[in-house]
Amino acid sequence: MQLPPEILHHTVRQLDPISLIALSQTSRAWRALINPIHHDFVQRLLALELQPEHGGIVPRFTEREGSFSFTPPWTINGWKAINYACCGCMKLRTHMMFDNHAILRRPYRKPPPGSVEAGKAALTDWEPVEPSARWRLVQKRAAQEEQERRRWVKMARRSYKPPAVPAHPFERQPPTHDDAYYQEVERLFTGTSRQKRRCIECRRLRGDWSRGSLSLRGSEEFPVVVSRQFPFPSLWERHFPGLLEPLPADKYPRRWRGYGESAKYTLYAACCPSCNTWQESSAFRQWILHRRGFPDPQQPVRPLLCNRCHLDTYQDSALLAQELTNGAMMTVDLQRRHALSCLIFGWPFIEQDFLGVKGPLSKYQAVRDEILGGLPLAELREAKVVLKLEELPDYRRRLQRYREFISKEVDEKTRAEIMQSWFKLWVEDYELIEGMYRWLNEQTAKLAADPYLVLNYVLEKGPYRI
Amino acid sequence: MAANQTLRLQNMLNPESRVFEVDRVAAEHSTVIRTILEHFDESYLAENAIPILIDVSDDALAKVCEWVTHWKDLPKAADVVADYSKQGGTHGTANKAEETEEEGTENDVIDSPWNVVFFSGVDAKMLYEILITANYLDIKPLCNLCCEFIATIIRDKPIEEVCNILCIDMEFTITPEQGAAIRDKIIRDYYR
Numbered sequence: 001m002q003l004p005p006e007i008l009h010h011t012v013r014q015l016d017p018i019s020l021i022a023l024s025q026t027s028r029a030w031r032a033l034i035n036p037i038h039h040d041f042v043q044r045l046l047a048l049e050l051q052p053e054h055g056g057i058v059p060r061f062t063e064r065e066g067s068f069s070f071t072p073p074w075t076i077n078g079w080k081a082i083n084y085a086c087c088g089c090m091k092l093r094t095h096m097m098f099d100n101h102a103i104l105r106r107p108y109r110k111p112p113p114g115s116v117e118a119g120k121a122a123l124t125d126w127e128p129v130e131p132s133a134r135w136r137l138v139q140k141r142a143a144q145e146e147q148e149r150r151r152w153v154k155m156a157r158r159s160y161k162p163p164a165v166p167a168h169p170f171e172r173q174p175p176t177h178d179d180a181y182y183q184e185v186e187r188l189f190t191g192t193s194r195q196k197r198r199c200i201e202c203r204r205l206r207g208d209w210s211r212g213s214l215s216l217r218g219s220e221e222f223p224v225v226v227s228r229q230f231p232f233p234s235l236w237e238r239h240f241p242g243l244l245e246p247l248p249a250d251k252y253p254r255r256w257r258g259y260g261e262s263a264k265y266t267l268y269a270a271c272c273p274s275c276n277t278w279q280e281s282s283a284f285r286q287w288i289l290h291r292r293g294f295p296d297p298q299q300p301v302r303p304l305l306c307n308r309c310h311l312d313t314y315q316d317s318a319l320l321a322q323e324l325t326n327g328a329m330m331t332v333d334l335q336r337r338h339a340l341s342c343l344i345f346g347w348p349f350i351e352q353d354f355l356g357v358k359g360p361l362s363k364y365q366a367v368r369d370e371i372l373g374g375l376p377l378a379e380l381r382e383a384k385v386v387l388k389l390e391e392l393p394d395y396r397r398r399l400q401r402y403r404e405f406i407s408k409e410v411d412e413k414t415r416a417e418i419m420q421s422w423f424k425l426w427v428e429d430y431e432l433i434e435g436m437y438r439w440l441n442e443q444t445a446k447l448a449a450d451p452y453l454v455l456n457y458v459l460e461k462g463p464y465r466i
Numbered sequence: 001m002a003a004n005q006t007l008r009l010q011n012m013l014n015p016e017s018r019v020f021e022v023d024r025v026a027a028e029h030s031t032v033i034r035t036i037l038e039h040f041d042e043s044y045l046a047e048n049a050i051p052i053l054i055d056v057s058d059d060a061l062a063k064v065c066e067w068v069t070h071w072k073d074l075p076k077a078a079d080v081v082a083d084y085s086k087q088g089g090t091h092g093t094a095n096k097a098e099e100t101e102e103e104g105t106e107n108d109v110i111d112s113p114w115n116v117v118f119f120s121g122v123d124a125k126m127l128y129e130i131l132i133t134a135n136y137l138d139i140k141p142l143c144n145l146c147c148e149f150i151a152t153i154i155r156d157k158p159i160e161e162v163c164n165i166l167c168i169d170m171e172f173t174i175t176p177e178q179g180a181a182i183r184d185k186i187i188r189d190y191y192r
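Read top to bottom, the protein sequences are chains A and B. Once you know that position 157 of the first sequence is 157 in the working numbering, the rest is easy, because the numbers rise by one and skip nothing. Once you know that position 177 of the second sequence is 177 in the working numbering, the rest is easy, because the numbers rise by one and skip nothing.
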């Protein structure tokens, strides 16, 4: 500190926002020299969220005509370690503490490397002037940047040339903008309003629920926020992650294999009115939110409490255990019923092929009796049959006979006519569907055998804590 | 005056100080020496060493001489000012292009790998002496380079390490137990 002030000022100007605050916290002399204002702390927090060790990786949003892709992959585990800065409580918080707008809208996203906003994390805008003058400088710079962005938009609009209209109506529409345009938009506009980002707790304390917003549901007493959609292999995996051992990917029938990537479930964050902590909606034992929306908290007889508060309030672990087990069994049962419908899917088609004079297999009535004889065909047609585990070998034997018949006794043309589309998939994957059905039955039995299995899992693992 | 004239510099505050010989072109990086050269004739400077009136070691002075000698062909700050006045320009927006060009040249100096080698064996005390010598002699590029170097070495460092590097007595001290409690609180609050 024996150096001339201009040297010290010049050194401080070369720092990044994180080091600026670190240096101001070393001694009183540096503190007096730097005299950081709120803006410097905000800049530091926004720089921290871009560092991999604090904020996790910076998600990349690639927007093109009609498509929107993400890096890292849009999965719950891929996004687990990504934190965002809340400039209300000045903390880095997990992405689940923010609504969709605060994460996905361009001005609130983390800026990618090379963008204007990412450049601000490398060098502070500190100047050796009084706090009020600093604030004016900050405002002036922000106004200049806004003006530059507007100028760019004007220029882009002026130089815009609409793409040529396709000669044929079925011809693919050419893109309205090229890649360079999107890269420039990304560079200039991403993350420009991050200082306005607030976590849902700050928004709750600010009273945003009384003003109303698309992503804010529930009420002031029981606030609920619509969070992001993530793919899960099944409904019970979405509500009870890790409770049951998952079925290996290669054991899934081909029809299901895409579900893990494509079936998306919306997550909700809700604040427990008793302990005031934000938790995923499953902590409130609401299992089918994705279909009905969150229930009105005024309607239930009992207020919705999180699992722990429920236990503390009612002191009835058996009641909670039963409620949780019922929920888990209901979610498993949904998939079990789906598997059952797939398992019996093909039998009515086989029957149809043997029927009448026009049926492709109508001349093989003797084989029909061998394959379909004794089956509850009317119930199978209406999908009302419930297959017991002990009946499965009989059905498998009949299908095996059908396969032999189709491959050896039927001519190639008829076979090609019959073995098509979903039916072909059903014939080929029957063992896999049956295996899955058996496995889901085992899971149901496992849940029924231990009434406290789900309760212990919830209390020990705390899977819903945000 | 001869362009290849050799000037002598000596630290007058230290009687046992060495006399350093520097090319005139290199020494002109210093605004102070340029002013001296304008006011004293050649014969006087041939007989007498230019006095350095600042309490620094010979090693630091040698380092500064080494730097100016290496970068003697770099445009001098005064040359840039002279160019501006010749062109009738001001330091305002009209000559932005020249300014940018000049900044580009200085950036080249800052990014040069030679400077990395130059600063590689320099400790905090030596860096401080180089900086105050550069400031005393008014060698702007070297001053900027030292500031940049200091900023680089304290960047991304925790407060304790910054204090060690800059030889600062930490005034906002906390006990290890308090530190652990704060860290726990941060982990609990920030990363929950």
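It is worth saying that the hints were derived from the structure and are not from the lab. Note that CB positions come from ideal geometry on N, CA and C, so glycine has one too. A portion of the hints provided could be inaccurate.
What the hints assert, rightly or not - Straight line, CA to CA, 30 Å or less: simulated BS3-like cross-link-like pairs of lysine-lysine:
#1 Lys185/B with Lys80/A
#2 Lys154/A with Lys196/A
#3 Lys72/B with Lys461/A
#4 Lys91/A with Lys157/B
#5 Lys80/A with Lys140/B
#6 Lys185/B with Lys461/A
#7 Lys185/B with Lys91/A
#8 Lys196/A with Lys140/B
#9 Lys384/A with Lys461/A
#10 Lys185/B with Lys140/A
To be verified - Over 10 Å on every C-beta distance to chain A, these chain B residues come out as not near it, computed from the model:
#11 Val19
#12 Asp59
#13 Lys76
#14 Ile150
#15 Thr152
#16 Arg155
#17 Ile159
Taking the hints in turn, this is what the structure says about them:
no.: 1; hint: Lys185/B with Lys80/A; verdict: 21 Å, holds
no.: 2; hint: Lys154/A with Lys196/A; verdict: 25 Å, holds
no.: 3; hint: Lys72/B with Lys461/A; verdict: 68 Å, violated
no.: 4; hint: Lys91/A with Lys157/B; verdict: 20 Å, holds
no.: 5; hint: Lys80/A with Lys140/B; verdict: 49 Å, violated
no.: 6; hint: Lys185/B with Lys461/A; verdict: 21 Å, holds
no.: 7; hint: Lys185/B with Lys91/A; verdict: 12 Å, holds
no.: 8; hint: Lys196/A with Lys140/B; verdict: 40 Å, violated
no.: 9; hint: Lys384/A with Lys461/A; verdict: 39 Å, violated
no.: 10; hint: Lys185/B with Lys140/A; verdict: 37 Å, violated
no.: 11; hint: Val19; verdict: 27 Å, holds
no.: 12; hint: Asp59; verdict: 19 Å, holds
no.: 13; hint: Lys76; verdict: 19 Å, holds
no.: 14; hint: Ile150; verdict: 5 Å, violated
no.: 15; hint: Thr152; verdict: 8 Å, violated
no.: 16; hint: Arg155; verdict: 5 Å, violated
no.: 17; hint: Ile159; verdict: 5 Å, violated
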